[in-house]
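A.B. asks: Once you've looked at the hints, dock chain B against the given chain A.
Those sequence lines, one after another, are chains A and B. Positions 1 to 408 (the working numbering) are the ones given, in order, by the first sequence. Positions 409 to 638 (the working numbering) are the ones given, in order, by the second sequence.
Careful: at least some of the hints might be erroneous.
Only pairs whose alpha carbons sit at most 25 angstroms apart, straight line, appear in this in silico SDA-like list of lysine to any residue [to be verified]:
| # | chain 1 | residue 1 | chain 2 | residue 2 |
| --- | --- | --- | --- | --- |
| 1 | B | Lys495 | A | Leu390 |
| 2 | A | Lys155 | A | Ser136 |
| 3 | B | Lys485 | A | Lys155 |
| 4 | B | Lys570 | A | Ala402 |
| 5 | B | Lys495 | A | His298 |
| 6 | B | Lys484 | A | Leu259 |
| 7 | A | Lys97 | A | Lys250 |
| 8 | B | Lys485 | A | Val400 |
| 9 | B | Lys484 | A | Lys200 |
| 10 | B | Lys416 | A | Ala402 |
| 11 | A | Lys200 | A | Leu259 |
| 12 | B | Lys485 | A | Lys200 |
| 13 | B | Lys495 | A | Leu314 |
| 14 | B | Lys629 | A | Val400 |
| 15 | B | Lys485 | B | Cys436 |
| 16 | B | Lys416 | A | Lys155 |
| 17 | B | Lys624 | A | Ala402 |
| 18 | B | Lys484 | A | Leu6 |
| 19 | B | Lys495 | A | Lys155 |
It should be emphasised that the hints constitute simulated quantities derived from the structure, not laboratory data.
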Amino acid sequence: MNGLPLLFSLASRNLWRNHRRTLVILFAIILGVWAMIVMAAFMRGISDKMFHDGIQNLTSHIQIHESKYLDDPVINNSISVDSTFKEVIDNNPQIVKWTTRIRVPAVVASEQDTAGLTLVGINPETEAEMSFLKSSIIEGRYLTGVEDKGVIIGKKLAEKLETRVGKRIVLMSQDKANQVADRGFRIVGLFDAETDAMEKSVLFLSIDTAKSLLKVDEEISEIAIEISDINNADQIVKQLKKSFPELDIKPWYEIEPLLKMITDLYNSVGIIWHLIVFLAMGFGIINTLLMAVFERTHEFGLFQALGLKPAFILIQVWLEAIMLLVAGLLVGNLVSWLTVLATGDGIDMAKFAEGMQMAGMGNVIPFLIVSEDLIVANLVVIILGLLTGLYPAWRASRLVPADAITRV
Amino acid sequence: MTIVVSCKNITKTYLQGEIEVHALSGVCLDVEEGDFVCLSGPSGSGKSTLLNVIGGLDSPSLGQIIVDGEHFENMKKGQLADMRLRKIGFVFQAYNLIPVLSAQENVEMVMQMQGIPQIERAEKALRILKDVGLEGLESRRPAALSGGQQQRVAVARAIVSKPSLVLADEPTANLDSNTASKLLDLMLQMNREHNITFVISTHDPMVMKMSKRLIKLHDGKIISNQLSHA
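Chain A with its partners taken away, still in its complex shape:
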């Protein structure tokens, strides 16, 4: 096309002709891009944090139980992990980690108080990679092995029981023979979980110690599985059900439906937010470009008088919109990235801590930029800009030269 260099030259110079208006629209685009990316990063951060914390709070991606266990979580409703079982799990390439747990109701008593809670017998080595526990020890130590005789309790439970590391507590539960099983244990560590509920309601001890207390041999309550791709949870559950039809095998969202609901909700809010920004910015761009077109009606008439085709005028106005968009996108992405960078590990939402704990989250929300959100935000702005730029451009190209040229 003969006039392509001319088009670029005219479009770029026209942008700086009314630099105040150009800066205003540029600012609107930057703000829109920034709002979409940063808000998406915040939403994604909340959603991801909620999901991560939820999974780490002993949920895992997939859980396997005896069929009656979830209704009646006693030690009698247990399963045995034999060599066939291990073979099926280990040979599934999508299963990256797994651990076994004993998980039964119990009562703990200190010299000062008592509390009902869940006794969780763990394999310290495999559990360390799958749940929050090891990284949350704030006092004392983590369990050293399956034969460790100590217990770990939450900071809030220690406060309630008025006890501390090194002190003894008494644990009572129901053994395999339906008899009361009780024994004294020394507290070897305190953990600080993301939620107070977790700190108050769970006590950890080694799985062999739990077996000994509950008088079982190889039986366990739960197998927790972590997979390589969370989106394949359904498919893996189906495979496992085929191998173990008698067991109750559930993906994370069936174990924690609230977690699924909240993460879905946050994703929906993200879409609504994109829509709001889309509309607000769309009207801003179209309004400013229309003003720019009306202001230059006379000039577009002149272009046509000089022999420039309507398509040339359409492309020129559209090119101006595209140049604004590209500049706005570049700066908007950069500013968004800097904003997220400035938040570091996240923002402390301690003021809303109670509400956040109800949602199963900690106080610090990290901003998380994922390529999908970046692509969506940039695509939204590009498509919107091209569409909204097209209308003023079309209007400009449809002017009757004789009418346009007489307008001042």
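C.D. replies: For chain B alone, kept in the frame of chain A given last:
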């Protein structure tokens, strides 16, 4: 002689509110190659409308326009624009230069759209700007030029690619008499040296006096069409 412009029974009506206005009523006109025609008449007589119709900027309600052998009636917007690009130059009362382009770029613009190579069009633009007395001012934007200088750039833009026809709508209206005289001399020189046909609408007696043919319009009709003695 070759006929450059042929208007056959041109009528142009438009609505002003609810009133039908007859801007042109059955205008018939032939303009020969190399002519220097002046359209005169009071405001509202149809001078500018006739120029717009001849230039394809507006379409007649009735009648036929033929410019350089090409019939306008069946042409689409794009074809008319192409026709103007190749064959017609315009000079307007209000100069109408592109404010973001320099004098040289304004002159080059049409040639650029015509596909003339950069070196050739730069040479032509510089030469014509020199001819119209704007040497040294090539890089100035319109805002940095006087009215007379801007109009000279507009004339340079209109004639640089040697069109068959130049249409000028009151080109001297905004200029002082000295500048207007110089501009008129320039257009006459271009007419003489390059045989470019000019059709000029004006109220200016000096332009009328210098024209080769004077056409008077009144209420959208030609009331006289005579050779002048210039």
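A.B. asks: Which hints from the list above does the structure break, by number from lowest to highest?
C.D. replies: 1, 3, 6, 9, 12, 16 and 19
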